[in-house]
Every structure is written in C-alpha cells, then in structure tokens.
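Protein chains: 2
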Amino acid sequence: MVARPGAQSARDPHQMRQLIREGRWTGPTAGAAPGYAQANLVVIPKEHAFDFLLFAQRNPKACPVIDVLEPRRGPVAAPATEPAVAPGADLRTDLPRYRIYRDGEPAGEVTDATPLWRDDMVAFLLGCSFTFENALLKAGVPVRHIEEGRNVPMYVTNRQCRPAGVFAGPMVVSMRPVPADLVAKATAVTAPHTGAHGAPVHAGDPAELGISDLTRPDFGDAVTIRAGEVPVFWACGVTSQAALMGARLPFAITHAPGHMFITDLRDEDLRNQT
Amino acid sequence: MVARPGAQSARDPHQMRQLIREGRWTGPTAGAAPGYAQANLVVIPKEHAFDFLLFAQRNPKACPVIDVLEPRRGPVAAPATEPAVAPGADLRTDLPRYRIYRDGEPAGEVTDATPLWRDDMVAFLLGCSFTFENALLKAGVPVRHIEEGRNVPMYVTNRQCRPAGVFAGPMVVSMRPVPADLVAKATAVTAPHTGAHGAPVHAGDPAELGISDLTRPDFGDAVTIRAGEVPVFWACGVTSQAALMGARLPFAITHAPGHMFITDLRDEDLRNQT
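From first to last, the protein sequence lines stand for chains U and P.
This note's numbering numbers the first residue of the first sequence as 196 and each following residue consecutively.
This note's numbering numbers the first residue of the second sequence as 196 and each following residue consecutively.
Just chain U, with the same shape it has in the complex (with noise of 0.2 Å):
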C-alpha cells in the first residue's frame, strides 16, 4: 500500500516510523505527524565527511545540521543508525524511500537501505521545509501541495553555494503559491525556523532564480498555482543532493526527495536558540 500525503496526519513520528519500517507507507512524508520537524538525509563515506559537514555549514539556508551519525569509535568499526532526535529509530529503515548514488549518479531507489549501508558511513540529518508546514496551515497559509495529495515541486536554481572540499553546486528550493495578501505572514511565521530553512529566499517571478517553467520540477510533482497566488520559494535540503552529484562521490545514500525522515524534535524545536 502506498499511503497519500496527509492521509494518515494524525499519527505520532513513533507510529509513523512504524508504518514506513514494515513497508506500509512508501510516500511522501508531507503533512505525517504534524508538529514534528522532518529532515533530509545524506549518508556518505567518512572520508568526505569533514568537506560534506562544512559544505552545510556554509551554506545553512539549504543545509542546516540537525544532527550527524558519525560511526562508532572502537575495537570494531560499526554505523550508527539511532539518531538523538528520535530514540529508537533505525535511519537504514525508517525512510519510505532512498535513492542511491553511485559516481554521482542516481542508481535506483530502495525502500530499506540496510543491505547498503557501510560501516564507514557518517549520517547526516538536515532540516526540511516540511516542518513549518503545520504552523503555515496553523497562521491560515495554504499548503496546496497537502491539499492536492502530492509531493513538494522542487527547482534547480542559478544560485549557487559555497564550496567547500569536493562539493559544489546549486541552491534547490521547494515552492509553495501563496494568496498576495499572506505573503508577509508565510514569511513571519517561517522566519524563526532556521533549522528548517527558515524564511523565504524569494517570492515572486520565477525567472529571477533561473526557473523557466514552474509546471516541471526537478524533484517532486507540479501543483496548481490560482489566480492572486505567488510562487514563494525556499531554500531545499535538496541542494545537498545536487552538491553530491556535482562531486562525483563513488557512493552515496539519500532519502528520496519529499520521503523525509520524520524526527522526535517538535517543530518549534527548529526555531531560533538564544
């Protein structure tokens, strides 16, 4: 069974991970366990892992850290897969989709990673525009992507990030149409979340970030855009993906774009710290 986008949004991040461990929901992870913040995963080889982990902090719009899964020290090498931001959670199952690069190349998508995953692999969780979307519907902010049952549009973008290391590349940005007259609320309310992107990178015509076509994304599937709605983009986690590809890594595990980790953190754990 594949599950839709928000069918199921009542459920918890535990009996969500449940479900998608046996296989049970194979989606996107839109609108599932509102409240809780989501992340994009990346999973490399060590030895890229210090140029990875300063390609997302220099470039935290795109890739804020939520947590990294480094592999265990001692006699035996051995991957950690239980993140501290859900206790119990195995990253190699617990994602309804993967997608597997090899030289830089996507080689396929699996729905268990286990079989994949090295004991030289450092795990990285960054922050995912999913998790402002409830306090979006919460402020009246329409998330048409929910609404229409599919998963986030995402767009290859003519900004580009700062190196660092062998990685490089393209900011990747997810959309949303909004009413005119909300867009100075969608930007206040995901301002403060600059774990999860935070505010807006643009709202307007497409073209200023290179978008010719706003009905093919790169990643994800188009929506409906109506009359008096503004195309208001973020800054993606997928951007991490396109800096893997533009590196050319040997090997690679992602989640699959929209197919998110869902997280024990509450959205508003994203928010600003002091």
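Among these hints, one or two may not hold up.
The calculated label-pair distances, taken between Cβ atoms and stated as ranges, are [to be verified]:
1) U:E463 <-> P:A422: 39 to 49 Å
2) P:F446 <-> U:D314: 57 to 67 Å
3) P:D298 <-> U:L332: 50 to 60 Å
4) P:R219 <-> U:G230: 52 to 62 Å
5) U:V305 <-> P:A279: 36 to 46 Å
6) P:G423 <-> U:Q213: 35 to 45 Å
7) P:E342 <-> U:N353: 50 to 60 Å
8) P:V305 <-> U:R357: 26 to 36 Å
9) U:A334 <-> P:L332: 33 to 43 Å
10) U:F446 <-> P:P445: 23 to 33 Å
11) U:K241 <-> P:G423: 45 to 55 Å
12) P:R421 <-> U:Q213: 51 to 61 Å
None of these hints come from the bench; they were simulated from the model.
None of these values were measured; they are calculated from a predicted model.
The C-beta atom is built at its ideal place from N, Cα and C for all residues, glycine as well.
With chain U's structure known, arrange chain P on it following the hints.
Okay, now just chain P, sitting in the frame of chain U:
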C-alpha cells in the same frame, strides 16, 4: 610595547591587525576596534578536522563557527590563511599572541605562528563574547575587565559538552560582573548574538557551575566584583582549547586566551539570521 586593552579603541580592524602584525600590540583585544566581531582561533591537522567541526556543531553556544579555512586543493598543498571575514589578513601573524599545544599540553606562546603553520592545517574561527561588549557598553552595562585594563576572567565549569569523535570536555565560560538591576538588560542585549555565544548560560552563584573561587580564574585575570553586582557567565570559545587538551592532539595552534582575531564583520553580523 604591550598595549593595554582599551588604549587604542578608536582603531578599525585593519589598523589593529597591522599594529599586531608589526608586533606593536601583543596584549588582549577586549575593547579594541569596537563594533567589530572578534574570533577564537583553532588550528589543527586536517586528520581531526571533521571531529572538531562536529564538536563545534554540537556545542554551538560555546563554539559558534564563523569561518573555516581548509588547505587549498591542487597539485601543491598549501594552507589557507586569509579568511573571508577579513580580506588581506593573515591568520599566522595577525593575532597578538598564539598558544601552541603538543600532545594536548600547552607548549609555549608565540607572537608569530608562521614558522609553525603546516600545509595540512585547517583553521577554525569561532565567535567570541568580546563581540557584544560594545553593545553592552552602549546599553549602559559596564564591562569591568575593559574598565580595569585586564583580560576577561574565564573559568572551567562542571558542564560537559556533547562529545564528537576525539573531542570532549567541559564548557569554559567568561564572567562579567553586572549590577543586579541590569542583568535582564545584559541578557536581552547579548541573546541575539548567537554567533558570539548569545545569552548568558548562568547568572549568580558560581558554585552552580562548579566554580569555587572567582578570584582565581583558569584563564585571564580576576576582576573586581562590587556590592550589588551579580556574576554573569557566558559560554566561551576557550571551551575548544579544553577539548583540544582532552583529545591530546599531537599538535595544535590556538590564540592565547583573550588575544583574539579581529574580523571585518560588524558585531551585528553575528546576530540571529533568518
């Protein structure tokens, strides 16, 4: 000549770095180039750079990352020593005093680190609380160590950092005595400077932090605490030096406590970003 803190406070960052480079300023930097962000320096072999960056990432109150300079890539390895936050500067010469660590132990101080800088070194600049002292002064909050021409007092606490790889250790704090009726103002003024340790971690009884005697700081100088003043504690970048010592790295270079790198960033650049 060893200049006293505050003595040349009207100079800008470029002038200050020039004075320092020429050996004409070898003292602490509190009060120097007011309005500009200052930074802790940690320089370690690339082998340990991932662990250290992860340690900083996991302990952002104590170790907020401002900039990282990795060795230049290419046919000939070369260290990068000109930070993006201070064009024209050289990290090997532009701090008033450096501390050398060998096998985790302090092994002397120098005023020019050029002969010691290896091609495989990665340099980290971390936020420093000197950054918000100008804002405190402008808000009418006294800064005692500037008044008294001393280095800020710093103390090792009983609070443990989140470990990362080989790095672990206690949080180190800086202390400023604040009149009781200004503690709230001092908190409000510093809280937004998340890139420079942000809000205090504690105000009041030092025993709560495991500090037994404020007149004997672990780093820097003791300052006068007047009747009616409360000791207020902020996380301090020297936390990173405690972690270096714990990790017993074969070799590392840092600033000498209180002898910071002065950047071209304005202090407000280290405030919360959306």
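Checklist line | Earlier hints that do not hold, by number | finding: Those not satisfied are hints 2 and 6.
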